[in-house]
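Each chain, letter by letter, is given below.
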Amino acid sequence: MSASATAETLHSHAEAHGHHGPVDWPQDEFFGLATPGKIAMWIFLLSDAFSFSGLLLGYGLLRGGSTVWHHPGEPELGINFTAFLTFLLICSSVSMVMAYSAAVENDRKKTAFWLVLTILGGVAFLCGQMHEYFGFFPAFSTHPLHGLVGEGLIFGHSDYANTFYVTTTFHGCHVFAGVCYLTVVLINTLRGKLDGRPGAVELVGLFWHFVDLVWILVFTLIYLVP
Amino acid sequence: MSSHATRKQYLGIFAALFVLTVLEVGVVKMPGIGKHPMILALIFLAVTKAALVGLFFMHLRWETKVLKWMVAIPLATPALYAMVLIADAMWRRLPA
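As given, the protein sequences belong to chains W and B, one line each in that order. According to our numbering, the stretch in the first sequence is residues 351 to 576, in order. According to our numbering, the stretch in the second sequence is residues 349 to 444, in order.
There's no promise every hint is true.
[Said to hold, decoys possible] Here are the simulated lysine-lysine pairs, DSBU-like style, with alpha carbons at most 35 Å apart: (1) 388(W) - 356(B); (2) 459(W) - 388(W); (3) 377(B) - 459(W).
Quick caveat, the hints were computed from the structure, so don't treat them as lab data. Predicted model, so just to flag it, every value in this text is computed and none were measured.
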């Protein structure tokens, strides 16, 4: 079946049933059962991956070309605390796939429950990142009281500080966007708008796992590589 | 055929990601390890973790070959570019 004929069939099917929501997508020769939404999300994620690649390559070039990377007075990055943040993101990825599994089973309550846990994981990660920068919670502090900023890692003072803050803040913006996106999906789930539509949960899941995947690389390249 | 993993498989991937993260921190804190072996080990562990997330959590394992290649080829280009830059930097540092 040609692409235009397929689209026409779907359109007439949607009209015949009096709705304009998603319909069962036919098996495609190249993309199988992947919906246009999923393919579009993948294309967006690839373009986003290039943004992060640019930042990480720039970091590598600056670091490789520098004679002094850590200037006197600048703190080392705390590995243990950031490993905990990494673990937190991995946990939120697991709750995300659990939400998708519940959505496939059309279990609204369980989907909402796992989505709430995923959102909480994202919020906790953002709080952790703010704590790392500014030292909000002294009890958990690796950099007592004032975080990295108070310890002397100031944006604009060195390539080390600049690449660190730009890359991690850009990632933090993605976590924030993911939390907003998840909240919208949660509200729609609770209102029953996504009943029988696990694809919508899968799409937000793709974005959320991408944020986790990028953090795995950022954690390794920015924090762990000596 | 299912288009995604079972809950048990998801928990298995979670356990693998947890162990790999602990290994990463362990590699960094290992006494006496050289800089280059450490970097190679860290990159291997990070790429393994990223692949697990992409294949299982993002369901790439269950997608068609076309979609898999559509994702893999663009993602490989920054890595290739990084290798070219590293080779260039090493060549510039060779004694004349």
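Next on the checklist: Hint check: residue 388(W) vs residue 356(B), CA-CA at most 35 Å. Holds or violated?
Outcome noted: holds, 24 Å
Next on the checklist: Next pair to validate is residue 459(W) with residue 388(W); report whether the Cα-Cα distance is within 35 Å.
Outcome noted: Judged against 35 Å, a Cα distance of about 24 Å means the pair holds.
Next on the checklist: Please verify whether residue 377(B) and residue 459(W) have alpha carbons no more than 35 Å apart.
Outcome noted: Since the Cα atoms of residue 377(B) and residue 459(W) sit roughly 43 Å apart, the hinted pair is violated (cutoff 35 Å).
Figure legend: structure checked against the earlier numbered hints; the only hint not met is number 3.
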